[in-house]
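For the record, the sequence lines run as chains A and B.
Going by the numbering used here, the residue at position 432 of the first sequence is 490; the numbering climbs one at a time, nothing skipped.
Going by the numbering used here, the residue at position 34 of the second sequence is 92; the numbering climbs one at a time, nothing skipped.
It should be emphasised that the hints constitute simulated quantities derived from the structure, not laboratory data.
Keep in mind that the hints are not guaranteed to be accurate.
Listed next, the in silico BS3-like pairs over lysine-lysine satisfying Cα-Cα at most 27 Å (straight line) [stated by the list, open to error]:
1. A:K222 to A:K567
2. B:K320 to A:K259
3. B:K567 to B:K225
4. A:K222 to B:K320
5. A:K225 to B:K320
6. B:K217 to A:K264
7. B:K320 to A:K320
Sample of chain B residues lacking proximity to chain A, with all beta carbon distances greater than 10 Å (derived) [to be verified]:
8. Y195
9. Q206
10. Y271
11. D279
12. P297
13. D299
14. G314
15. R470
Among the chain B residues that face chain A by a calculated CB cut under 8 Å, a handful are [unchecked claim]:
16. V236
17. V241
18. I269
19. H274
20. Y295
21. I318
22. Y340
23. Y342
24. F389
The C-beta atom is built at its ideal place from N, Cα and C for all residues, glycine as well.
Number of protein chains: 2
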Amino acid sequence: MAEAVLALFPDAKFAIGPSIEDGFYYDFDLPRPLTPDDLPVIEARMREIVAADQSFVRRELSREEAQDLFVDQPYKLELLDDLPDGHITVYTQGQFTDLCRGPHVERAGQIGAFRLLRTAGAYWRGDESRQMLQRIYGVAFETEAELQAHLDKLAEAAKRDHRKLGKDLDLFSIHEEVGPGLVCWHPNGAMVRQIIEDFWKEEHHKRGYGIVYTPHIGKLDQWKQSGHWEFYRENLYSPMDVDGQQYLLKPMNCLGHILIYKSRLRSYRELPIRMAELGTVYRYERGGVLYGLTRVRGFTQDDAHIFCRQDQIRDEVIAVVQLAQFMMQTFGFQDYKLVLATRPDKHAGTPEVWEHATAALTAALESLNLDYEEDPGGGAFYGPKIDVKLADAMGRDWQGPTIQVDFNLPQRFDVCYIGDDGGEHLVTMIHRTVLGSMERFFACLVEHYGGSFPIWLSPVQARIVPIADRHIEYALKVEDTLRRSGIRVDVDSRSERMGFKIRDAQMAKVPYMLIVGDKEIESEGASLRLRSGEDIGLCSIDEVQNRVRSAIDSRS
Amino acid sequence: MAEAVLALFPDAKFAIGPSIEDGFYYDFDLPRPLTPDDLPVIEARMREIVAADQSFVRRELSREEAQDLFVDQPYKLELLDDLPDGHITVYTQGQFTDLCRGPHVERAGQIGAFRLLRTAGAYWRGDESRQMLQRIYGVAFETEAELQAHLDKLAEAAKRDHRKLGKDLDLFSIHEEVGPGLVCWHPNGAMVRQIIEDFWKEEHHKRGYGIVYTPHIGKLDQWKQSGHWEFYRENLYSPMDVDGQQYLLKPMNCLGHILIYKSRLRSYRELPIRMAELGTVYRYERGGVLYGLTRVRGFTQDDAHIFCRQDQIRDEVIAVVQLAQFMMQTFGFQDYKLVLATRPDKHAGTPEVWEHATAALTAALESLNLDYEEDPGGGAFYGPKIDVKLADAMGRDWQGPTIQVDFNLPQRFDVCYIGDDGGEHLVTMIHRTVLGSMERFFACLVEHYGGSFPIWLSPVQARIVPIADRHIEYALKVEDTLRRSGIRVDVDSRSERMGFKIRDAQMAKVPYMLIVGDKEIESEGASLRLRSGEDIGLCSIDEVQNRVRSAIDSRS
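Bound conformation, chain A alone (with noise of 0.2 Å):
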């Protein structure tokens, strides 16, 4: 692709042009701004550079004959510039050659088949103080067969984008003027997030938790003595000036917690104490990596800090797994996959304290039984952590529920309890979260259900479609009997054609629609038709009532 560019474009500059999990990109700094009608262009020069069949030749050049090579392209010498002496290598095919590291193919006719699928805007490194380029997207495949079926997957995902889908069914919104990453929920998204929240609570209430709210603000002295400012400042806001003294926006829920704990005298006895808190937090991202509601600057965690004795560790984290498999579950998912993942190079605590953790976290995953991957190095900073990966409807992964030993802030906060013994004990604490956040989590679900969420969880439940005006008051009436049965349920009584109506309802992806004419008023009954269009006819009142009541609790 890069050669197919330089061949239109002389004067490009090139920057960088990895493989990515989902194809490949390439950065250019070019004369002009690419439309989407460059892409064929280019596609038809790619296609004339396979059919030549050149082979790629590998060579590892000197720093300076690198530098005499690409002495026109400023990119590429601020790259080498960062590569150590011996590893830099060029490959070439034809005329044209670039800095790679490798492999490739070994001939451009090996490429079966590809598609240049967008461009973007890209800052060269990711920085927003430097070049905005231009990126072009693109995928390769050995077969046809093989690009038709990404791209038939790319199209089914589009239409489940939870940006396009929040925007369709009104959501939630990110507006400029509040800033980026900075998620506003509109009533519809809204409820959803609530019915979750609602449903979260009851079931930490159930399993002994305790909730909390801590506030969003406080003096930057305790993430000092966190070790968050040190390990973690990157992903900090700057600090705001309140009475001479530096307040930061809450990263984390931790340190409140710790506080509630703190505030009198805990014993063995008390232990485990589970305190939980749907906590909004506030984290900086550079304004390149946010995306939707996946990647944001403010977010609101399904947190909570398990406080125990180093020999509860084992069964608190059973439970929590348990918890996790049954949020899992309740909300559709049957596939995940679990990563332990360990110390990274950048980390508070001694090996040993690591080590420990470890172990605790093994014993709980081999206790149940489960399968687990290993992600070396991939442990938070204070501690080796479980991630759950769930696959969504379309296979893909989505980052859920983490569970993080933590022998280090109970040190550096002095957080004990009083045992048998009569003596002060550091306790262990777990850092949790069973959906992971608010945000991620509804876009998650989002996806994966195309918007058309369950029942359960649908903004509005059922719809009542009178045909015409006079059918309105009926209308009204069936509404009243579901509301009182804790439907959430409400009447079309626009003065617009049926059709109109109910393709508009299954816009909105409600659930059931009931259609109430003079037919209907005669019966005291409604027409059933689903969202899916499957018309299931006339029924009693009391059939629909109960029909949606039992897919309300039973919550499928």
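Since the structure of chain A is already known, use the hints to place chain B on it.
Here is chain B on its own, set in the frame of chain A:
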């Protein structure tokens, strides 16, 4: 009192000594800290002064005369700088003269009964950067009986103090490590708050409100456009820098709601649109005025904005007043008064706009046949408002619901609807809360009920107390039965004496205690006891369950 203090501390410097709602105070700069033991000594001296029965003589002085008189009193000299010529008066009794606007009683002997209550630190002029002074608070009455009644009331208020009960009942805490005025809600307090919030959400859904969530930070520019930066700056936090732009902690929820409203075109047919949020806002208050949960720096408003046409204002205000009345009644407040607050000196908008808004509020109050007071100049900078002041069980006033019409923000943000004429019209906004803030309302509830929350709000509704260890199994079975019917219940299975456990449950204000022993197991029941100490006697578990459930369901 000042004369008595001078007699005991000849070097005392005098600051200010006003009468306040509940008595009087005087701020002194003294050579040593006062102790509680000093107060009786000062009182004794005061009694001598009263007995001497000198008259108070008023004199008007020129600035120069006053400056000569107070040459050794630097605080008085500073006060003099702020007094206009011709308004400088002093009062003398015996040898003692003080700067005072008056009026005074004629003779010291007219003071019937008094008591000095406590000392406190107070910054000169409330400014944390200036001298810390010592304040003595006192009260005075015509008769000893009135004084005693007041002291009794203070003792009762102290018992109900939400700061004291907040600690005793483990409801919340405020930590120096986080920052003053920032509240951590403990599981018990958070449970009460959650029940209030769930009830609040349910009632708002029923009344056609859409509930939303909006971010706690946003670009400062919005708050410049809104006028808050101009009119309200002293109560805003310092901005944060994000990517070179200034962001502010939100002091109000309005702007997020406006953006959601504006996220699509709105027709006159859709109005009114009612948007509600339990929105946590942050406002800067000086350290000196912070007080428990009633004056804080971060609080959650039960906020809503109604976007409507001008012809809908009256009906919407009526509905809000009725909702507020319903809320007050449900939470057990029979007495409240309505205050209509009108245009303040510092305000946005034209006189016409203010007149229109004030007329709409008046019309609503009158159509409900409600008595109300006027508070001239007490409105918000952006519009007139109706405030509801609750009277608690002790007859004290609390700031409750508020309803504010706003013609200002729609203009500043061009918030429109498409009229039946096809043209754009500015919408009218009504800001309203029906509880105020969760923090203040909760404090009010705590004091109103003296911590003995109504059953439906109690964090723990029933506690089962097994008499001996062999009764624990049965206790757990009863717990399970009650929990399944949605009662918040626990078991005190500690190896403590019965009397201790009952006293403990009473201290925790748990409404129902179920004592279970051999007799109760045999009859498959429990001995029921109320937190008042009343002994109901042996009941079947069904009876207990019905009794508790009916108290919960009726919110009585």
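Hint check:
1. Between the alpha carbons of K222 of chain A and K567 of chain A the distance comes to roughly 14 Å, so the proposed pair stays at or under 27 Å and holds.
2. Restraint check: the Cα-Cα separation between K320 of chain B and K259 of chain A comes to about 32 Å, which exceeds 27 Å; the hinted pair is violated.
3. Only pairs whose Cα atoms come within 27 Å are accepted, and K567 of chain B paired with K225 of chain B is accepted, the gap being roughly 13 Å.
4. Only pairs whose Cα atoms come within 27 Å are accepted, and K222 of chain A paired with K320 of chain B is accepted, the gap being roughly 18 Å.
5. Our distance criterion of 27 Å between C-alpha atoms is met by K225 of chain A and K320 of chain B, whose separation comes to about 13 Å.
6. Distance check on the hinted pair: K217 of chain B and K264 of chain A sit about 33 Å apart at the alpha-carbon level, beyond 27 Å; violated.
7. A threshold of 27 Å between alpha carbons decides the hint, and for K320 of chain B with K320 of chain A the separation of about 45 Å lies outside it, so the pair is violated.
8. Against the 10 Å criterion, Y195 of chain B stays outside the reach of chain A, whose nearest CB is about 25 Å from its own CB.
9. Even its closest Cβ contact with chain A, about 36 Å, leaves Q206 of chain B beyond 10 Å, as expected for a residue assigned away from the interface.
10. Not every CB of chain A lies more than 10 Å from the CB of Y271 of chain B, the least distance being 4 Å, so the non-interface label is violated.
11. The beta carbon of D279 of chain B is not kept farther than 10 Å from every beta carbon of chain A, the shortest such distance being approximately 7 Å.
12. Taking the minimum C-beta to C-beta distance to chain A, about 8 Å, the non-interface status of P297 of chain B is violated against the 10 Å cut.
13. The beta carbon of D299 of chain B sits about 5 Å from the closest Cβ of chain A, which is not more than 10 Å, so the claim that it is off the interface is violated.
14. A beta-carbon of chain A comes within 10 Å of the beta-carbon of G314 of chain B; the shortest separation is about 5 Å.
15. Every Cβ of chain A is farther than 10 Å from the Cβ of R470 of chain B; the closest lies at roughly 12 Å, confirming the non-interface assignment.
16. For V236 of chain B, the interface hint holds, since its Cβ comes within 8 Å of a Cβ in chain A; the closest pair sits about 4 Å apart.
17. Among the interface hints, the one on V241 of chain B holds; its C-beta lies about 7 Å from the nearest C-beta in chain A, closer than the 8 Å criterion.
18. For the restraint placing I269 of chain B at the interface with chain A, the shortest Cβ-Cβ distance is roughly 5 Å, inside the 8 Å limit, so the hint holds.
19. With a cut of 8 Å, the hint placing H274 of chain B at the interface with chain A holds, because the nearest CB-to-CB distance is about 5 Å.
20. A cut of 8 Å between beta carbons decides the hint on Y295 of chain B: the least distance to chain A is about 5 Å, and the hint holds.
21. At its closest, the beta carbon of I318 of chain B sits 5 Å from a beta carbon of chain A; the interface hint therefore holds under the 8 Å criterion.
22. The interface hint given for Y340 of chain B is met, as the beta carbon of that residue sits about 7 Å from the closest beta carbon of chain A, less than 8 Å.
23. Contact between Y342 of chain B and chain A, as hinted, is supported at the beta carbon level, the nearest pair being about 7 Å apart and thus within 8 Å.
24. For F389 of chain B, the suggested interface contact is broken, since its CB lies about 19 Å from the closest CB of chain A, more than 8 Å.
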